[in-house]
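**Student:** Based on the provided sequences and hints, a complete structural model is requested.
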Amino acid sequence: MPIALVDCNNFYASCERVFNPKLEGKPILVLSNNDGCVIARSNETKAMGIKMGTPYFEIKNFCKHHNIHVYSSNYTFYADMSSRVMQTLSTFATRQEVYSIDESFMDLSGYPNLSEHAQLIRKTIKQHTGIPVGIGIGNTKVMAKFANFLAKKYPQLNGVCNLIELGTERTKKAMQLTPVDELWGVGRKLSIQLKQMGIQTIYDLKIANAKILSKRFTVNLERIILELNDIQCLNIETNLEPNKQIISSRSFGKAVTTRDALLSALIYHCEQIGRKLRRQNLYARQITVFAHTNRFKDDYFSSAINVVFTQATDSFRYMTPTINKALDEIYKPYIHYKKAGIIVSDIITHEFQTIDLFDNINFTNDELLPTLESIKKKYGKNSIKLASELLSDDWKMQRNYTSANFTTDIDQILEVT
DNA sequence: ATCTGGCTAGGAC
DNA sequence: CTAACGGTCCTAGCCAGAT
Numbered sequence: 000m001p002i003a004l005v006d007c008n009n010f011y012a013s014c015e016r017v018f019n020p021k022l023e024g025k026p027i028l029v030l031s032n033n034d035g036c037v038i039a040r041s042n043e044t045k046a047m048g049i050k051m052g053t054p055y056f057e058i059k060n061f062c063k064h065h066n067i068h069v070y071s072s073n074y075t076f077y078a079d080m081s082s083r084v085m086q087t088l089s090t091f092a093t094r095q096e097v098y099s100i101d102e103s104f105m106d107l108s109g110y111p112n113l114s115e116h117a118q119l120i121r122k123t124i125k126q127h128t129g130i131p132v133g134i135g136i137g138n139t140k141v142m143a144k145f146a147n148f149l150a151k152k153y154p155q156l157n158g159v160c161n162l163i164e165l166g167t168e169r170t171k172k173a174m175q176l177t178p179v180d181e182l183w184g185v186g187r188k189l190s191i192q193l194k195q196m197g198i199q200t201i202y203d204l205k206i207a208n209a210k211i212l213s214k215r216f217t218v219n220l221e222r223i224i225l226e227l228n229d230i231q232c233l234n235i236e237t238n239l240e241p242n243k244q245i246i247s248s249r250s251f252g253k254a255v256t257t258r259d260a261l262l263s264a265l266i267y268h269c270e271q272i273g274r275k276l277r278r279q280n281l282y283a284r285q286i287t288v289f290a291h292t293n294r295f296k297d298d299y300f301s302s303a304i305n306v307v308f309t310q311a312t313d314s315f316r317y318m319t320p321t322i323n324k325a326l327d328e329i330y331k332p333y334i335h336y337k338k339a340g341i342i343v344s345d346i347i348t349h350e351f352q353t354i355d356l357f358d359n360i361n362f363t364n365d366e367l368l369p370t371l372e373s374i375k376k377k378y379g380k381n382s383i384k385l386a387s388e389l390l391s392d393d394w395k396m397q398r399n400y401t402s403a404n405f406t407t408d409i410d411q412i413l414e415v416t
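Following numbering that gives the first Met the number 0, the numbering of the first sequence begins with 0 at its first residue and continues without gaps.
No lab work stands behind these hints: they were computed from the structure. C-beta atoms are modelled at their ideal positions from N, C-alpha and C, and glycine is treated no differently.
Here are the computed distance ranges between Cβ atoms for each label pair:
no., residue 1, residue 2, range
1, Asp298, Ile211, 40 to 48 Å
2, Lys210, Thr407, 45 to 53 Å
3, Met0, Ser302, 45 to 53 Å
4, Arg94, Asp410, 36 to 44 Å
5, Arg316, Tyr378, 17 to 25 Å
6, Thr401, Arg278, 17 to 25 Å
7, Lys253, Lys210, 51 to 59 Å
8, Gln192, Thr370, 49 to 57 Å
No more than 27 Å apart at the CA atoms, straight line, and that leaves these computed lysine-lysine pairs for BS3-like:
no., residue 1, residue 2
9, Lys59, Lys338
10, Lys253, Lys50
11, Lys45, Lys63
12, Lys253, Lys296
13, Lys194, Lys172
14, Lys338, Lys275
**Tutor:** Here you go:
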């Protein structure tokens, strides 16, 4: 089965460029939340040697000096651009797996000329959304990923690498030239160990003994080896399973010491979690509340409390008292907290909800929630909040270089123009 | 002998 | 002036305890 992997080039940086043509040909850089580190770079920025994940403070001066255009991340905007790309993409294959915000696997069974088809996809996505994409084609997901890597690496391929058409000899050559760590599923730790065993390139891994490596490492590695040999182990997953865990957490703009600051941050995260649960019609039975100090310092300190609810819920009304109590246990004055958050797990879908025999409150049907949603819809996201969220805003993140929500907020576009 | 839950490491983007 | 380093999600594998 021919599989394509379509990947947006430098996605966040490209998004910024679409609505700001002055950035054409200029170096762009997008920062993580809190303006912490580099998470996207345009080609020009990559060429200047700036690495993915670099803490921004280390290169701030360099950026100023070299006129790099720096942006805080704007997920509202990127998510909307992503859905436009995925929407257009969906018309080009029988089946599509949206793998991440900027990638899709596509089942290209039945299309006669794959390379031509891929070029048409690139052209259409660019036309509809302004986003450039690269496409890799292979007989398995791992091979499609590898092909996509080659499509990016060799500009003469014009954005499309079709390994099915390339032939065994040239594919072998490409594998011999590519280090294992470039492979999907082989990260830092694993590649070090593989190299110690003499497996340096993707080709070395392809011809390695899958069974032995499976014993020594994991089945996942065995699957990768099989897929490199065109034996399909990983399917295209079209119907997405509900989340098993939902996290909302954030580093603070600066260290925080008061209970109020922690509480208001946690209440904010509680609301986020509630929204995410409701959007997917899910209910959670467990909640973990955590807070910790700066993890890059020697006196790193972290605490967490896990609570099991008697009934699964999606309502902040049942979660907030628990959070408050958990915070009583966690909180210590004079500690410099740098991050806090909430994790919910043990998640069930609507049809599996059970009502506690001895509890007469129905946790899964809080009628206040839809009312609040409609107020927010009518009067704006910030029109109504829990008071405890407003106890303090010391914890708000740094976000100094944000672009406008070009595609979702008309007022912001008017400001720009 | 087998199943279960809890926990950690490692990986992806 | 100095210090400054993301957020979410998943699975495999291991261990301990229960069946």
